[in-house]
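K.L.:
Protein chains in written order, with our numbering: chain P, 1 to 314; chain Z, 315 to 623.
Be aware that a few hints might be false.
Said to hold, decoys possible - With a cut-off of at most 20 Å between alpha-carbon atoms, the simulated EDC-like pairs for lysine to aspartate or glutamate come out as follows:
#1 P:223 / Z:557
#2 P:223 / Z:549
#3 P:49 / Z:456
#4 P:223 / Z:548
#5 P:267 / Z:549
#6 Z:319 / P:41
#7 P:49 / Z:320
#8 P:267 / Z:534
#9 P:202 / P:300
Since the hints were made in silico from the structure, they are not lab data.
Given the structure is predicted, the values throughout are model-derived calculations rather than measurements.
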Amino acid sequence: MKVDPQYYDYWPYHDRPKITWPNGAKIAFWVAPNIEFYELDPPSNPHRKAWPQPYPAIAGYGIRDYGNRVGHMRQMALLDKYNIRGSISLSTALCDHHPEIIELCQARDWEFFSHGIYNTRYTYGMSSEQEREMIHDAMVSIHKHTGQKCAGYLAPALSHSDETIDLFAEVGTELFGDEGGFYTCDLFHDDQPTPIHTRSGKRFVSIPYSLEMNDTIAYVSNKVTPRQYGRMLKANFDRLYQEGEQSGTIMCIPTHNYQVSCPHRLKAYEEALEYITGHSDVWVTTGREIASYYKAHYYDDAVADIANKNKGAV
Amino acid sequence: MSLDKDYLHYPQRHYGMDHELYKWSMLSERAPVQWPNDGKLALWVNVNIDFFPLSQRQNPVAVPGGMKMPYPDLRHFSLRDYGNRVGVYRIFQALDKFSVKPTVAINGAMVDRAPYLMKFIAERQDEVLGHGWQMDHLHHGEVDPADEAQWLDASLRKLRGYFKQPVNGWLSPGRMQSAATARLLVEHDIAYMCDWINDEMPYDFRSEAGVLTAMPLSNELDDFFIMGNNLHSEESYAEQLQDACDLLLAEAQSQGGRMLALNIHPWMSGQPHRIGYLEQALAYITAQPGVWSATASEIHQVWQAQQKR
Numbered sequence: 001m002k003v004d005p006q007y008y009d010y011w012p013y014h015d016r017p018k019i020t021w022p023n024g025a026k027i028a029f030w031v032a033p034n035i036e037f038y039e040l041d042p043p044s045n046p047h048r049k050a051w052p053q054p055y056p057a058i059a060g061y062g063i064r065d066y067g068n069r070v071g072h073m074r075q076m077a078l079l080d081k082y083n084i085r086g087s088i089s090l091s092t093a094l095c096d097h098h099p100e101i102i103e104l105c106q107a108r109d110w111e112f113f114s115h116g117i118y119n120t121r122y123t124y125g126m127s128s129e130q131e132r133e134m135i136h137d138a139m140v141s142i143h144k145h146t147g148q149k150c151a152g153y154l155a156p157a158l159s160h161s162d163e164t165i166d167l168f169a170e171v172g173t174e175l176f177g178d179e180g181g182f183y184t185c186d187l188f189h190d191d192q193p194t195p196i197h198t199r200s201g202k203r204f205v206s207i208p209y210s211l212e213m214n215d216t217i218a219y220v221s222n223k224v225t226p227r228q229y230g231r232m233l234k235a236n237f238d239r240l241y242q243e244g245e246q247s248g249t250i251m252c253i254p255t256h257n258y259q260v261s262c263p264h265r266l267k268a269y270e271e272a273l274e275y276i277t278g279h280s281d282v283w284v285t286t287g288r289e290i291a292s293y294y295k296a297h298y299y300d301d302a303v304a305d306i307a308n309k310n311k312g313a314v
Numbered sequence: 315m316s317l318d319k320d321y322l323h324y325p326q327r328h329y330g331m332d333h334e335l336y337k338w339s340m341l342s343e344r345a346p347v348q349w350p351n352d353g354k355l356a357l358w359v360n361v362n363i364d365f366f367p368l369s370q371r372q373n374p375v376a377v378p379g380g381m382k383m384p385y386p387d388l389r390h391f392s393l394r395d396y397g398n399r400v401g402v403y404r405i406f407q408a409l410d411k412f413s414v415k416p417t418v419a420i421n422g423a424m425v426d427r428a429p430y431l432m433k434f435i436a437e438r439q440d441e442v443l444g445h446g447w448q449m450d451h452l453h454h455g456e457v458d459p460a461d462e463a464q465w466l467d468a469s470l471r472k473l474r475g476y477f478k479q480p481v482n483g484w485l486s487p488g489r490m491q492s493a494a495t496a497r498l499l500v501e502h503d504i505a506y507m508c509d510w511i512n513d514e515m516p517y518d519f520r521s522e523a524g525v526l527t528a529m530p531l532s533n534e535l536d537d538f539f540i541m542g543n544n545l546h547s548e549e550s551y552a553e554q555l556q557d558a559c560d561l562l563l564a565e566a567q568s569q570g571g572r573m574l575a576l577n578i579h580p581w582m583s584g585q586p587h588r589i590g591y592l593e594q595a596l597a598y599i600t601a602q603p604g605v606w607s608a609t610a611s612e613i614h615q616v617w618q619a620q621q622k623r
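This is chain P alone, in the form it adopts within the complex:
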């Protein structure tokens, strides 16, 4: 085991090269709906149990299924209302199980990025070859069903190995050259993009995908009320918007259709979306577009600044 994953160097949130988003925007805002498939009877993984109860774990399975049967249409209607294109963190087996959802998102020009094949198949314990095969399968599935060259990765159920990000970058290059596999959502260390070290040396970035704003973390882990979640989203936006005057920031709302779309929760989410999109100088965009823009305009300055700020570091 490593003491530090060594994906990135220390980079103080102080005196960084200024970022300006397209059209002078201060903040890049993106919404990342997780559209997931959990299996009722997945094979067991010795490192992590999929369900807390013996088969059939109908409570956990049922609420995830609710997200696809009921919740998806509610959140999609809301994103349509505020002209937001979702960046979907996709359990790619959903292309096979529920192609209707994929078609609806595709018709809206939403982005699809990889969230593994099923959210009940964990990276833990996989050999390097197995993990590569899983990553490859998921990226090929997205391409086959949507024509998109998958750019981003959020590992399934946030289960990682020491090689996850390297493998993702390499499989992306193998399949799509520089057009695929160039950003990760798995790191939560910053409010701005960060150049990431990969063993292939590819231009690869981390894009902030806020775990703190993630509805499942807020509702299930932190047990906040719907109204409190709405207040948190607004407060998060307010501060990042204010700081975006100095240098462009990023706000992400990662969601799940089985959380935000519940009838007692949608209102708080809607109020936050209305508030955020009601401001000027907000770039409402997708994960891929942020990563691409950053790589094209700010990546090299960032690498130089990080090196400069780490002079003398051991």
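Assemble chain Z onto chain P, guided by the hints.
P.N.:
Frame of chain P, contents of chain Z only:
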């Protein structure tokens, strides 16, 4: 080191669900359901009459709402018992005040433990649901099949022997099911079960013995889930119920009838500091035009009659 090669095999990766229990279907794509008298939102209030034994057995999973302390856990035993002595009468009074017709899920063991309450419910002619034998008799996936069959049979026999009203529905203790539960329910002439929460409207569920209806009883809006598990305030509980009502009513205007399923525990909402918030939510919900207060069976029958087979 690697995982077994089956870990990267996906035998169920195909169109629809990864099992045969029900069909994949998006709520928005189904034919609209019309409730009686141009109703938009069916309100189903489900009251739980639970027996949590002091001598709680060892289960592979925690008993939701059950004993937590070393034996004898008088604290949780008596706090749950409070619901059946005190809280439930407050709940009935609140429901009557707003003319809400409840559905009452009763553990079989309660029939002999609280005859006065059973007579009270029988005389009110409320709909009664099978609710297992008692709360630590969980129908979980590793239960001995003979035990499960016996508990299910005994609990339905007990309720059907006591109540004149038919017992057609079922809610498992702790909402847990084994792979055999649905089949056993069909074999015992149960028409609908309320454990699955993957939808907001009834749908067909297959068992080896035939089809029954799944009637989703929201867990996210359950009083114990919101105030007990999530530790939200009573004010927030009422607010969440009201917000849910608003959203479902609005959706029903364009998409056909919806269902607001509220699961209530007298040992939770029947407390003196909580009952007022339940009343507040009920006052709000029942004042909305288009809300149809109904029992689970009434909702089930109206839905069933509109399904094209």
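K.L.:
Sort out whether residue 456 of chain Z lies within 20 Å of residue 49 of chain P, counting only the CA atoms.
P.N.:
16 Å, holds
K.L.:
Please verify whether residue 267 of chain P and residue 549 of chain Z have alpha carbons no more than 20 Å apart.
P.N.:
17 Å, holds
K.L.:
Is the hinted pair residue 267 of chain P and residue 534 of chain Z satisfied, with a Cα-Cα distance of at most 20 Å?
P.N.:
OK: residue 267 of chain P and residue 534 of chain Z at ~15 Å, within 20 Å.
K.L.:
Taking only the CA atoms, is the gap from residue 223 of chain P to residue 557 of chain Z under or equal to 20 Å?
P.N.:
18 Å, holds
K.L.:
Can the restraint linking residue 319 of chain Z and residue 41 of chain P be considered satisfied, given a maximum Cα separation of 20 Å?
P.N.:
Roughly 16 Å separates the two Cα atoms, so the pair holds.
K.L.:
Starting from residue 223 of chain P, check that the Cα of residue 548 of chain Z is at most 20 Å away, please.
P.N.:
14 Å, holds
K.L.:
Quickly compare the C-alpha distance for residue 223 of chain P and residue 549 of chain Z to 20 Å and report which way the hint goes.
P.N.:
Distance of about 15 Å is within 20 Å: holds.
K.L.:
Against the 20 Å threshold, does the CA-CA distance of residue 49 of chain P and residue 320 of chain Z hold or violate the hint?
P.N.:
Measuring from Cα to Cα gives roughly 16 Å; hence the hint holds.
K.L.:
Given the hint that residue 202 of chain P pairs with residue 300 of chain P, does the C-alpha gap stay at or below 20 Å?
P.N.:
The hint holds at about 12 Å.
Checked against the numbered hints listed earlier, the structure breaks none of them; every hint is satisfied.
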